[in-house]
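Sequence order for the protein chains is A and B. The UniProt record's numbering puts the first residue of the first sequence at 1, with every later residue one more than the last. The UniProt record's numbering puts the first residue of the second sequence at 1, with every later residue one more than the last.
I should point out that these hints are in silico values taken from the structure, not numbers from a laboratory. Just to be clear, a hint being listed does not mean it is correct.
Stated by the list, open to error - Within a straight-line C-alpha distance of at most 30 Å, the following computed BS3-like cross-link-like pairs (lysine-lysine) qualify:
1) K16(B) with K38(B)
2) K65(A) with K17(B)
3) K10(A) with K16(B)
4) K75(A) with K16(B)
Chain by chain, the residues:
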Amino acid sequence: MGKQMTEMLKGTLEGMVLAIVAAKPAYGYEITAQLRDQGFTDIVEGTVYALLVRIEQRGLVDVSKVPSEKGPPRKVYSINPRGGEYLAEFWANWSFLAERIEQLHHHIEITDEEGD
Amino acid sequence: MAAKWIETITGSLEQKKQYRQYKARIEALPEPYGTTAKAFERYFMYYGGITDGDTLVTMLGDFADLWERAAVDGTPVRELVGDEPVEFAESFTKAYGGKEWIDKERARLTKAVDAAARDTAAREDSAARDSAQEDRA
Chain A
1 MGKQMTEMLK
11 GTLEGMVLAI
21 VAAKPAYGYE
31 ITAQLRDQGF
41 TDIVEGTVYA
51 LLVRIEQRGL
61 VDVSKVPSEK
71 GPPRKVYSIN
81 PRGGEYLAEF
91 WANWSFLAER
101 IEQLHHHIEI
111 TDEEGD
Chain B
1 MAAKWIETIT
11 GSLEQKKQYR
21 QYKARIEALP
31 EPYGTTAKAF
41 ERYFMYYGGI
51 TDGDTLVTML
61 GDFADLWERA
71 AVDGTPVREL
81 VGDEPVEFAE
91 SFTKAYGGKE
101 WIDKERARLT
111 KAVDAAARDT
121 AAREDSAARD
131 SAQEDRA
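One chain only, chain A, in its complex shape (with noise of 0.2 Å):
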């Protein structure tokens, strides 16, 4: 995954695991793994986490403890009312960008084409 990659996945990221953990509350390396399996194999645990903490402390998702058999309890992150009304509002703004960016594509493409 190259450096452009890493750049639009800032702003999409947030996004993508909202809706990961409103589909089934996970902790975060399942977060982490169901992303790379995905495709998105460059991210990491640590970015996940950071970004876990973030929704949090904005109020998004719900946070419960549950104890492993080793190491310190897992934190389990599920969606919240809020967090499904950022989700909504994510879905949204993603349909408006992926549309134009489309379009803008293919207006190119055709530009070219009549170039030639």
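Add chain B to chain A, keeping to what the hints say.
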């Protein structure tokens, strides 16, 4: 800067206790986690500039959780912090949004620009009035 940060920590007894607990947890980490965690801690001191003790101890507590978890799971350091540790360190501290020493200056800058924008708008208004009067004269 670092000294001031420590003073923040030593502010309240409860925070002092939590800070000592945090220190002990970091000390107890196996390698390479201990060394890595301490390297981040050093960076936090210079970069973070968080001045309220509560936010700071919460952040450090979470930070210790992260490393203890990694040590138990055997997560490689690289997989945890990625190729750009600086980026991780900064997004981690920013996530806490605590009061920072720079906040005062941020507010000052915002106010200065507000005032300048207001002055310009006021001058333009009076200039417009003046020229309207001249037109009538």
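Hint-by-hint comparison with the structure:
{"no.": "1", "hint": "K16(B) with K38(B)", "in the structure": "holds (18 Å)"}
{"no.": "2", "hint": "K65(A) with K17(B)", "in the structure": "holds (22 Å)"}
{"no.": "3", "hint": "K10(A) with K16(B)", "in the structure": "violated (35 Å)"}
{"no.": "4", "hint": "K75(A) with K16(B)", "in the structure": "holds (25 Å)"}
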